[in-house]
Amino acid sequence: MRGKAALFVLSIALLGAAAAAEPARRVVSLNPSLTAIALALGAREQLVGVDDYSARAPGAGGLPTVGGLYDPSLEAVIALAPDLVVLVPSAEQRGFRERLETLDVPCLALDPVSFDDVLTAIATLGARLGRERAATARVDAIRRTRARAAAAARPLPALRGVLVLQRDPLFVAGAGTFVDDMLRTLGVENLAAAQPGLWPRLAREWLLAASPELILDASPGSEPAASYWARWPSLPAVNGQAVFDIPEGVSTLPGPDLDEALLVLAAAARGPAFAAALRAEAR
Amino acid sequence: MRRLTPLRLAATLGALALLLALTLALGVAVGPSGLALCEVWDVLAGRSGGAAADIVLSVRLPRVGLAAAVGAALAVAGVVFQALLRNPLADPYVLGVSGGAALGGIAVLTLGGAAGLGYAAVPPAAFAGALGALLLLLAVAGPAGRLSPTSLLLVGVVFNAFASAAIVFLASLAGLAEGAQVFLWLIGSLADARPALVASVAGCVAAGLLAVVPFGRALDLLALGEESASLLGIDTKRVRLWLLLASSLLVGAAVSVAGLVGFVGLVVPHALRLLLGPDHRLLVPASALAGAAFLVGCDTLARTLLGGRELPVGALTALAGGPFFLLLLRRTQALRR
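Respectively, the protein sequence lines represent chains A and B. Quick note on the working numbering: the first sequence kicks off at 1 and runs consecutively. Quick note on the working numbering: the second sequence kicks off at 1 and runs consecutively.
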């Protein structure tokens, strides 16, 4: 019992110490979403290195790279002498994080999967970067847009839809993801929500049988979504001309611009006028 | 081919040891961070700390150590398999021992999360997979403990096909992230060189090498054929079993951390056989040294070729090993004419 009490006191003390700690000055980000959040919070100066995918993001140009998402170079990270490495707790970076921690490099693992996870990631990263105010402003703006979109979509008829991440093999956004949350906010029933997994891989047959009225296609293919999906004219979405290209990254990156992502999805799902009204309200 | 004298043995192994020492020194001296040579030297002399010390002592040293251990293990396992099966195509991959190890590791990687197994459970699972594949090989191919080379190879081929199918199946069950990790495993990479892991792998490899080296003469005789070997006083059944166990210890240890690094077990022994002749008393230790040097060299290239971005070393061993081997084969045939 005494041990537990001591542990509790210790963890409170540690939490206090973390909150009072100096903002990180030399940050390496190993995930594009986390890099985007850091950049959006104005922490470009504090970033000293990023992974290859992050480096392609606008605003990250010129930052030293330390390798891919799955095979970052430990040596390249350590050579940057970071006082914080931010990463995601997925399988491929777990071993990497262990090794960084044995070398006394502080790590912050954030897992932006659901909509609220992303907001938490923005707030947590903002706190560690000493940019609480910017983070709070961002989180509030996203929450406001979501609330307005939900209110505006409530009277509209529900739509049955999917958001496609990749066409072949077919990967779609599943339940529990921030995409699923945005779809529900807009009154779209995510047909893939019943499938297991966050980003389920499904057969094309499943999609044909599910007969979506709305297809939001965020896949990286060069062929326009409307002409690609027109191969299956039985799809209600094809019949009703409700197949839309969603710019890659906007709705697939759990980053700092979820309000913008929501507006892009809203324009496709509920029409440009609906989105324009939301945008006007946001100003 | 010249006779093996103690002098020739010592001179050849000495030269190869020097080659290994040079590649090890190069591997520690260069890396993607562009640390200056004098900084590396200061760290090694204990005069410097900080990030430079972390890079040299905690990243590069374990990495070259792991490369040396894995290279030696794969090359020696290749020599043993080729002699035992009297088949130049035999190597840890053909026999399915590597495939079994990969299957074990990937099963934990993709399904382990559900069973509460962490990333740390991957190497032991790979090792168990290698041993499992070997036990299956022994159980199926040798009902009376006698292993016909053909049936052993055949079982290896079938098991490999099974293992790759199972790996593809697991990879397609897995999510996007785990799928990419499986891909890295299948190519082979030495990025996971944690010091504690390197120490345990090096221990296993050292044990395996010590178990094989004294059997150079026996391997020579076994390579002539089982009958001649028994006539010349070798307990073929027991020696075979011992050597198979030792070499699967070598492969299991290597694959459990590095994934499927290809070509080392095939190229290094054959290259050395062409250069040094078929005497296993020389070939086994020479393969250990040359295999280690080959993989350390390839991994140094893999780490530095693209700056911050690392190449999987398995891709390089196959790219470098294939043409080199063909060249050597051609030159030897030209000399014989």
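Worth flagging that the hints you see were computed from the coordinates, not collected in a lab. A couple of the hints might just be wrong.
Said to hold, decoys possible - Some residues of chain A that are not near chain B, with every Cβ distance over 10 angstroms (derived):
#1 Gly67
#2 Ala137
#3 Arg148
#4 Ala151
#5 Gly176
#6 Arg201
#7 Leu208
#8 Ser222
#9 Ser227
#10 Val238
Stated by the list, open to error - Listed below are several chain B residues computed to face chain A (Cβ distance under 7 angstroms; list not exhaustive):
#11 Pro32
#12 Ser33
#13 Ser48
#14 Ala51
#15 Leu184
#16 Asp192
#17 Arg194
From the three backbone atoms N, C-alpha and C, an ideal C-beta is built for every residue, glycine too.
How the hints compare with the structure:
The claim that Gly67/A lies off the interface is violated: its Cβ sits roughly 5 angstroms from the closest Cβ of chain B, which falls inside the 10 angstroms cut-off. With a closest Cβ-Cβ approach of about 31 angstroms to chain B, Ala137/A is found to remain outside the 10 angstroms limit, as its non-interface label requires. Every beta carbon of chain B lies more than 10 angstroms from that of Arg148/A, the smallest distance being close to 32 angstroms; the non-interface claim holds. Annotated as non-interface, Ala151/A keeps its C-beta farther than 10 angstroms from every C-beta of chain B; the closest such distance is 34 angstroms.
Under the 10 angstroms C-beta cut-off, the non-interface status given to Gly176/A relative to chain B holds; the minimum distance is some 13 angstroms. Arg201/A, annotated as away from the interface, has a beta carbon of chain B within 10 angstroms; the closest lies near 8 angstroms. Its beta-carbon lying about 21 angstroms from the closest one in chain B, Leu208/A satisfies the requirement of being farther than 10 angstroms from that chain. The Cβ of Ser222/A sits about 21 angstroms from the closest Cβ of chain B, beyond the 10 angstroms cut-off, so the non-interface label holds.
At the 10 angstroms boundary, the C-beta of Ser227/A stays outside the reach of chain B, the nearest C-beta of that chain being 26 angstroms off. For Val238/A, the condition that its CB be more than 10 angstroms from all CB atoms of chain B holds, with the nearest at approximately 27 angstroms. For Pro32/B, the shortest C-beta to C-beta distance to chain A is roughly 5 angstroms, which falls under 7 angstroms, so the interface hint holds. Of the supplied interface hints, the one on Ser33/B holds, with its beta-carbon coming within about 3 angstroms of a beta-carbon of chain A, less than 7 angstroms.
Proximity of Ser48/B to chain A is violated relative to the hint, the smallest CB-CB distance being about 14 angstroms (cut-off 7 angstroms). Using the Cβ-Cβ criterion of 7 angstroms, the hint placing Ala51/B at the interface with chain A is satisfied: the shortest such distance is roughly 4 angstroms. Here the hint on Leu184/B is kept, as its CB sits about 6 angstroms from the closest CB of chain A, short of 7 angstroms. The restraint placing Asp192/B at the interface with chain A holds, with a minimum CB-CB distance near 6 angstroms, inside the 7 angstroms limit.
Interface restraint check for Arg194/B: the shortest CB-CB distance to chain A comes to about 6 angstroms, inside 7 angstroms, so the restraint holds.
Checked against the numbered hints given earlier, this structure breaks hints 1, 6, 13; the rest are met.
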